[in-house]
Structure formats: C-alpha cells, structure tokens
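Participant: Following the hints, position chain B against chain A.
Here is how the chains run, residue by residue.
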Amino acid sequence: MGYSSFTYILLLILLSSIAGCKTVIAVDPLTIAGREGFIVDGRTQKQEILERLGQAQKSYENGAILIYHVQMMRDGRLGLRQDKHSQCDAFVMVFGDDGVLTRHSYVKHGCNH
Amino acid sequence: MAAIIKTWGSIAAFLPLAACIPIPTPPHDIGLVPDRTATSALKIGVSKRSDVLLTLGEPRFQLEDDRFLMYKWDVAYGYIFIGGYYSGAMFPASAPHYLCFEFSNDGRLLRQSILSGTLFSNSEKKAINECIHPSEAPDVK
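The listed protein sequences derive, respectively, from chains A and B.
Each residue of the first sequence is one higher than the last, beginning at 63 in the numbering used here.
Each residue of the second sequence is one higher than the last, beginning at 97 in the numbering used here.
Chain A with its partners taken away, still in its complex shape:
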C-alpha cells in the first residue's frame, strides 16, 4: 500500500469518526410506563397529562396527538427539555375521542430543535 493510499484511508477513518449520524428511533413504550407510572395506555386522561406536563410543543389532529420535547434523566425518568443545547427526544401521545391515552412512544432524537 502506497503512502497516498494510506493517507486517503486514514482521512476516511478520520472523517467517519467526525461526521456523526444519529438514527431517530422509537424506544419500547414499556420503558416509559415503568418509570413514569402515571402514563398508562387506556387509563391516563389527557387532562392529567396537561396538568402535569403543561402545553405540548406540538399538536396534531385537533389535539388528539401531542408531542413533548423531553430528555431522559440519569435515573431513567423523563424530564421536560429545558436547555436548548441538550439532547432533544420526542414523547408522543395519542388520545381517543374520550380523551384517554391510547398509545404513546418515546422517540430518541425525535424532535426538531
């Protein structure tokens, strides 16, 4: 292998280490249910969510789907994202016509900054 080839490969390795790519990926909902006991599909009311977490950052289908910007704390619990420089994950909740939570997910890196 010539010097130039070696340099080229070295540069590629360097570039691949610098250029990061994060996959937006949904985490198992049980992860959240286990840590945040009040969030239970089929039971938690939308009103309770709004009282505990405040207004959502994004809302779809006339408020039937809410997205909160959150981050996972060190102890595994969810925290509302305060610092714009910190990691931003999305906590997505879907409510039925009766205002009861039907499904939810935690999407790692799933929010827009």
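Treat each hint with caution, since some may be false.
To be verified - Quick list of in silico lysine to any residue cross-link-like pairs, SDA-like style, CA-CA up to 25 angstroms:
| id | chain 1 | residue 1 | chain 2 | residue 2 |
| --- | --- | --- | --- | --- |
| 1 | B | Lys144 | A | Asp160 |
| 2 | A | Lys170 | B | Thr135 |
| 3 | A | Lys84 | B | Ser209 |
The hints are simulated quantities; they were obtained by calculation from the structure and are not laboratory data.
Facilitator: Relative to chain A, chain B alone:
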C-alpha cells in the same frame, strides 16, 4: 441517479479552487436520520398519521392541516477541506433529503416518498412543493 450526477457535478465545480481539497466518499447519512426499518413497516392505506408520529417523532414540516408531514436529513457525498496560512476548515458536501407523507381525510397513509435535494441546496420551498404536488417532481423515488 440524476441527483448523484448533479451532486458530483457540483463537487467538480469546486476543484479549480486553490487550497481546496474535495474528498469523495460513498454517500452516507449525516445528522438526524429517520429509522428506515420503521418507515418500511408503514403500510399505505393501513398506517395512520399517529403511527408515523409515534415512530418518527416530530416532523420538520406539517402542511395543509397535517395532510402532509415531512422529515428532513442530509446525505454527505464527500468532504471539502479549505486551508491556507496554517489554518483550515472542513465541511461536508451534502444534499438535503426529505421523507414526505401524505394522509387521507381519515388520517390513513396515502403516499410515502423520498425527495432528494441537490448539493449545497437548501431549497425547502422546492421540496415542500414537490411533496404537495408529486406529479411536478422529477426526482421523486
């Protein structure tokens, strides 16, 4: 294919610049990238808007009363080093890509398409137009 030719054509345009070294690499995603495995599991006519949001999180754009949702990420085709006088900088030669979803009135998924931008372009208006009017978009996959 047209997008790749356009991209490398743009990179070639940078070659004559002094102290500028373009380093081509195989195309690779950078930034926040939608989970391809999850998006391939979404089914036309079956999956709902909530399925998309639960899987991919917050979209970059929500258009026409949520009829269209768009996610954005970048694909790098190489890197460009610019240097001189003991200093230098490097930046990726990248093109924006968009994942466009269209939903019916009852919230079912009607269409899912990937829109490829060109190198160094950041024409979000063009991508939005292609998402809303796919018949006018030549690069829709």
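Participant: All the hints need checking, so say for each whether the structure fits it.
Facilitator: Quick rundown of the hints versus the structure:
1. Lys144(B) - Asp160(A): Status holds; Cα separation ~19 angstroms.
2. Lys170(A) - Thr135(B): 15 angstroms, holds
3. Lys84(A) - Ser209(B): 21 angstroms, holds
The structure agrees with every numbered hint stated previously.
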